[in-house]
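Asker: Sequence:
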Amino acid sequence: METTVVDTVVVVDVENNRDEELPSSSGVVSSSSTMDGVKPMEKTTAAFATSIEMSHPPSPHSRGRCRCLLSMWDYGEPEAFGYAVLVMGESEARIYLYAVPPFYVIVSFSSFRHPPSPTPTSRRIVVVAAAIPRRGSPLSRVVYSHSARGAAIMSFVLLNVALVELATEAAGCETGSMNDECDGEVYGLDPVSLISGVPVIAGLLGAFLMPMIGVVLDFTSYRRFVGIASSAIFTIVQAVQISVGERTWFAMTILQSIAGFCFTIVGVTNYAYLPEICDVVGRARHARYTSRYVAKQFVAMTVFMVLTSGLSFALGISGDSVKTARLSQGLISAILCVLFAVGWRLMPSRNATRDLPPGVRGVGMLAHGIRQNVRTIMSIHRVYKKGLRWYLLATMFANATVTAVTSTSVVYLSAEMGMNAVDVSMFMLVVLVGTIAGTMLALLVLKRVNPIVSWQYTMLYICAVLVIGSQTLGGAASKYLSIIWGFFVGVGLGWFYPAENLLFSCILPKGQEAEIAGFRMYCTVILAWFTPLVFGILVQKGYDPKWGMTFIGCFILIPAAMLRFCAGTWEEILQESGRVDSAGPEAGTSSFVMSFASSPVSPDASREVNEKAPQ
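If you read the sequence shown in full-length UniProt numbering, its first letter stands for residue 1, the second for the next number, and so on.
Hints listed in this document are in silico derivations from the structure and should not be mistaken for laboratory results. We treat Cβ as the ideally placed atom computed from N, Cα and C, and that holds for glycine. There may be inaccurate statements among the hints.
[To be verified] Calculated lysine-lysine pairs in the BS3-like style (CA-CA distance at most 25 Å, straight line):
1) 386 to 447
2) 323 to 479
3) 546 to 479
[Said to hold, decoys possible] Okay, the calculated beta carbon distance ranges per label pair:
4) 572 to 232: 46 to 52 Å
5) 364 to 254: 29 to 35 Å
6) 371 to 311: 50 to 56 Å
7) 426 to 448: 30 to 36 Å
8) 311 to 433: 17 to 23 Å
9) 542 to 221: 50 to 56 Å
10) 541 to 575: 29 to 35 Å
11) 222 to 542: 44 to 50 Å
Input sequences plus hints: build the corresponding full structure.
Answerer: And the structure:
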């Protein structure tokens with residue numbers, strides 16, 4: 001693109017390679033006040049704009065840097081200072097504008113038919129750009145952190161296998177013999193019961209401290225600091241756990257609980273940025289972004305598991321779960337250092353999204369956040385009696401089962417079936433493959449029933465798979481049959497999250513997306529500790545672990561019964577939420593695809609992606 005019309009504002013969409021020319025009067029401020037030749041920027045409906053007077057442009061092929069004062073606008077308010085970098089080429093002049101925080105502007109440029117004169121001259125170049133998040137595309141802002149969290153999930157799995165084996169040996173038992181041939185205890189507890197307490201502690205920490213985290217994210221400017229701090233602590237814990245062994249396994253178990261809580265905070269903080277990305281790029285592009293970063297998260301999980309398993313075979317340690325866990329922790333520590341560092345460097349700092357009442361500080365902030373939760377609960381109870389109220393209650397119980405499947409099933413497979421780290425790695429890979437089939441199954445079911453019925457069906461399916469598997473696969477002889485069982489478990493997980501997200505996007509009241517989506521996040525963690533706790537108690541009382549898995553499977557029948565017998569009809573639910581217009585089959589299918597793309601966060605509602613802690 002070449003032009004000599006310097007008074008034309010050129011808007012450059014770098015990602016889609018589209019140019020649009022607008023009159024300069026729509027973006028350039030007619031102000032006489034300047035600072036180092038830079039006029040203030042003014043927010044227009046089209047773009048941010050500024051004009052720069054270059055009294056002494058550099059010669060052709062040279063690079064020059066001009067530092068200047070920039071005023072950025074964020075939701076209508078002046079915010080930050082920044083700088084501009086001027087790069088001169090033979091046929092074009094490019095000005096890169098940066099602002100810290102919260103955004104930087106993508107390259108915008110004007111080109112010249114003739115190279116700029118090397119002699120002092122005066123030429124005005126107008127520069128504009130859309131409000132793209134600073135230092136990277138919206139996709140790059142979240143993909144690094146989500147990929148890191150995906151790989152970390154797999155490291156959790158391998159470390160838990162090693163902890164179960166070490167605890168079992170400390171109790172004087174052989175792996176796979178618990179509750180059959182050995183009644184040994186360690187620290188007064190059954191080894192399986194002890195290790196299953198890891199998600200219990202992490203869940204309780206989340207249930208009690210999540211309101212405080214939500215207050216910090218909403219009412220202060222420390223969102224990015226919280227994310228960086230929790231990521232740093234999480235990474236340090238992973239590095240320390242490289243030393244897992246016979247003498248350190250109990251300390252590593254305690255650290256695993258802390259790591260689980262930090263993992264939750266990192267996720268919540270990341271999700272808090274998603275609605276702003278949606279505001280900037282629009283819902284359609286945001287749906288594509290979320291589908292990509294979720295896909296990359298699954299890729300990271302698969303690659304990490306394959307890499308760890310391959311290295312363990314190559315090093316001859318595939319039969320030693322402890323050494324495999326050490327290898328896994330070393331790899332994940334290095335990966336987290338890179339991905340978290342890059343990811344949080346791309347994340348901007350943010351101001352408070354809500355204002356505290358005058359005089360509210362310190363502990364009063366927590367009390368204010370709790371009062372906000374209570375008001376939200378009472379409002380939902382009074383106004384949304386047919387659908388949303390029962391959906392949120394069902395979410396509390398259903399997610400207590402689904403989140404326990406990963407953590408508790410690993411303990412069950414290791415202790416009851418004697419599977420080592422590589423065996424469990426194969427199991428988890430098959431589960432990931434099963435999730436793909438599950439999403440396809442969910443789409444087929446959706447064509448025949450409404451979303452609330454589809455979600456009930458997936459609960460019944462998960463119950464059947466967990467109960468049948470736990471009752472029929474016990475014993476080392478069926479070790480590899482459990483891998484086939486893993487595929488059916490994956491189908492249930494791949495069906496569950498899209499069905500849940502679609503239902504939420506259909507019944508979410510218009511105009512309250514951000515507040516209720518944040519409260520939904522709290523509902524997903526408030527009972528996450530309960531099912532692992534019951535599993536551990538049953539094992540501690542001498543029951544076979546298969547009965548603990550059976551309880552977890554049956555627990556999901558409670559939310560299924562709530563939706564079947566307590567919620568209103570589908571038509572009543574849609575009418576209550578004000579989304580009757582989106583009830584058609586075509587709209588439902590489209591929403592489903594979008595909800596799958598961002599599982600477990602749906603972008604279908606413009607603000608549902610705001611999975612921050614409760615408001």
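Asker: Now tell me if each hint is right for this structure.
Answerer: Now for the hints, and whether the structure bears them out:
1. Annotation: proposed proximity of residue 386 to residue 447 holds, straight-line Cα distance about 23 Å (limit 25 Å).
2. A C-alpha spacing of about 21 Å is found between residue 323 and residue 479, which places the hinted pair at or below 25 Å, so the restraint holds.
3. Simply put, residue 546 and residue 479 have alpha-carbon atoms about 14 Å apart, close enough for the 25 Å limit, and the pair holds.
4. Against the hinted window of 46 to 52 Å, the Cβ-Cβ separation of residue 572 and residue 232 comes to about 48 Å, which satisfies the hint.
5. Restraint check, residue 364 to residue 254: a C-beta distance of roughly 32 Å satisfies the suggested window 29 to 35 Å.
6. A C-beta distance of roughly 52 Å is found between residue 371 and residue 311, which places it inside the suggested range of 50 to 56 Å.
7. Take residue 426 and residue 448: their Cβ atoms lie about 34 Å apart, and the range 30 to 36 Å holds.
8. Distance hint check: the CB atoms of residue 311 and residue 433 are about 21 Å apart, consistent with the given range 17 to 23 Å.
9. The hint said 50 to 56 Å for the Cβ distance between residue 542 and residue 221, and at roughly 53 Å that hint holds.
10. The hinted range of 29 to 35 Å is not satisfied by residue 541 and residue 575, whose Cβ atoms lie roughly 48 Å apart.
11. Between residue 222 and residue 542 the beta carbon distance is about 48 Å. The supplied range of 44 to 50 Å therefore holds.
Hint compliance for this structure: hint 10 alone is broken.
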